[in-house]
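**Student:** The primary structure of each chain is shown beneath.
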Amino acid sequence: MIEEIISNKVGDKIILLGNEGIARGALESGVQFVSAYPGTPSSEVGNTFWRIAKKVGVYFEFSTNEKVALEAGAGAAFSGLRTLVSMKHFGLNVASDFFMPLVYSGIKGGMVILVADDPSCWSSAQSEEDTRAFAYLAHIPILEPSTPQECKDFTKLAFDLSEKFQIPIMIRETTRVALQGGIVKLGRIIKGKRKGKFIKDPHQFSTMPPRVLEMKKELLEKIEKIKKEVSEKSSINKIYKNSNKSKLGIITSSVSYLYVKEALKELNLDIPILKIGFFYPLPEQKIKKFIKSFKKVLVVEELEPYLEREIAILAKDANPKLQILGKNLLSKIGELRPEQVIKAVAKLANKKYKTETLLKIKNPKLKIPKRSPQFCPGCPYWLVFNALKKAVDPKKVIFGGEIGCYMLAFYPPFHFQDYLFCMGSSVGVAHGIKKSSSKQKLISFVGDSSFFHSGIPALLNAVHNKSNPLIIVMDNQTTAMTGHQPNPGTNKTSMGDSVEGAKIENIIRACGVKNLKIIDPIKQKEFIKAVKDSLNNKINEVSVIIARRPCIYI
Amino acid sequence: MKEFNVIISGVGGQGVITLTRILAKAAILNGYDVKTSELHGLSQKGGSVETHIRFGALTGSEQIHSPLIEKGKADLIICIEAQESLRSYIYGSKKSGTIFLINDFIKPILGSKIIPQTKDILKEIKRFSEKALSIPASKIVKEKLGKSVLAGVYILGYAASKKFFPLKTKFILESIKKTVPEKYFLLNKKAFDLADHD
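In order, the protein sequences belong to chains A and B. Under my numbering, the first sequence has 495 at position 495, and the numbering climbs by one with no breaks. Under my numbering, the second sequence has 8 at position 8, and the numbering climbs by one with no breaks.
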């Protein structure tokens, strides 16, 4: 059975998630190179290519981390290939060092960077981020689709724009776009047939001063051009209105637009809407024209009030008396819900709406606690944490966590996590704590994928600077939390080809660690002894235990 | 056609996402527009799972837009784990005539002191709905087919036989065929058909 997502039945309507819409849009654009690092809510973009890459003749890899994915994608785009790079919001933080100058240099082949934010942090520890801020930092054009169909259409548009203006284009989703299912009308898959060739051009690809400032100037000119020639005219910044008499208006984007449409239906109101598809550069003239005759405008956007601020600036000139509603009615924290948007729209129109009393929703008397996520039955991490329970007094040991299935040890029954930040950070922090408070015992956890992703520099640092935490590498030989994607340690590439996976122990030894043990945690006694020995030894050195047992699902 | 809103709730691993896909594809085959919303990743590992499925007219003023259902606006709420209905109840209301189908199956929540019985949960849910039913789906599929993961498909079959949603049975079966791995289709079909003979 051929998967629907690679079907070439043009005009067929199938159901896709937003992320699958992005993948399909890339296929219909002749994409030839795709790289990603998995992370919810972006993972299905990579997962789709992981399944289909060979069948459709596209190169795909889950790279070591997001920065490497972006660099690899850039190399392909410099060589003229159409390229897609996918990551979640934290991934862009990791990649940002390369990301900023990449927008300066630009590319040859069209390059689309998909970044998925997670308002409400459904599957994200760390922080709740609004990645649109990167528009201001990096001057990268950003498109925001609302539906799976738009995910596909915007991706195609992004490839064309990217190639025309020789600049990478970012598509920003939020969870309710990325994991929204909806009908997508299929277009034709285009098989990319370009032969990659890097043509030497240090003038474009070497960001050396003073040339770098010239590049910045060229970038700002490009953005001005994109604003005038595309954003101001584009149908993705669309006005929906039935009359010119309205004194009220709504400006919105992304999934919020869908809530606005629903609210107008529910309240039986007819208010003009400007739907922003081009977050950066904004169609300033279009916005000015839209708000000119209004008394009040409501800005509906998730998280930060970036649109609202821009509109306030534009209104000073276009309509100084305009009353702007937005974050005074809608939270900056967490995703928006349809009811909240209905309330805000009702407020804009001075219409009464009391949903909960109307529907008589009461609170149940029977209460149930939150159901925390758990290690799967049979997960090797049960063995590691059960052994630790026996090996140490948890009250007397600091546990450093990071991103991966082992972060579930934060929840009952273990509570084995005293700090958690980002990928690769547990060892770096452990080193600082041990240097400041050498008598406290500390165990730092790092997964195999996290270790490759960004744990190695921290380990090198700890060894070189004579620190002595105990590091347990939770080696389940896959990137389990996001769906068992391969990493540099696995014996298969993302394309399915055989390869000798990197040996974590070789890397650890090469970093200068002498006190290293590799134990299958099913050998509980041996594991407990190794933990005790490492915590109690008097040598002032880093100890590492590799807890090696594969995830039950691989 | 007026929109039709379904919530499916349960616990990670019970097949909530698969059930969502089955309903969504069936709705397309039935000629409707469809919107779904689901969550992946961290929230899936044995935690609570809740998905939204909406279908309705392809065009016109009754068109659906939001992937999320408003509070109190669900037409049907399927709970594959009984306690989860005490979270999903906010989408139901007497005014909307919400039907609750609650699987008589409890998966204990770590850290909870009292484990409620399905009948007590049902009593509670009846405050929000005039049509709340508990169904021993897990027990029936376990007994007759040996696999409790089929409980969701059984409930779907039950809902179809009672005409609880405006979808033709043949489209649901076609959708199951398109959604589940080929080798499991017959088993799923059996689970779907079981409800008819109750």
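Since the hints were derived computationally from the structure, they do not count as laboratory data. Keep in mind it's a predicted model, so treat the numbers as computed, not measured. Among the clues, some could well be false.
[As the list claims (entries may be wrong)] List time: in silico DSS-like cross-link candidates among lysine-lysine, alpha-carbon distance up to 25 Å:
no., chain 1, residue 1, chain 2, residue 2
1, A, 367, B, 95
2, A, 185, B, 178
3, A, 389, B, 45
4, A, 191, A, 247
5, B, 94, A, 351
6, B, 119, A, 365
7, A, 327, A, 265
8, B, 95, A, 55
9, B, 71, B, 131
10, B, 119, A, 55
11, A, 9, B, 131
12, A, 227, A, 316
13, A, 216, A, 241
14, A, 191, A, 9
15, B, 119, A, 13
16, B, 71, A, 370
17, B, 107, B, 95
[As the list claims (entries may be wrong)] Here are the computed distance ranges between Cβ atoms for each label pair:
no., chain 1, residue 1, chain 2, residue 2, range
18, A, 217, B, 174, 32 to 42 Å
19, A, 441, B, 110, 55 to 65 Å
20, A, 496, B, 147, 29 to 39 Å
21, A, 245, B, 108, 16 to 26 Å
22, A, 393, B, 147, 52 to 62 Å
23, A, 304, B, 115, 34 to 44 Å
24, A, 465, B, 185, 55 to 65 Å
25, A, 491, B, 166, 43 to 53 Å
26, A, 364, B, 174, 51 to 61 Å
27, B, 115, A, 354, 50 to 60 Å
28, A, 524, B, 108, 21 to 31 Å
29, A, 12, B, 147, 26 to 36 Å
30, A, 510, B, 143, 56 to 66 Å
Where a beta carbon is used, it is the ideal one built from N, C-alpha and C, also for glycine.
**Student:** Among the hints numbered above, which are violated by the structure, and what are their numbers in rising order?
**Tutor:** Of the numbered hints given earlier, those the structure breaks are 4, 8, 10, 11, 13, 15, 17, 18, 19, 21, 22, 26 and 27, listed in rising order.
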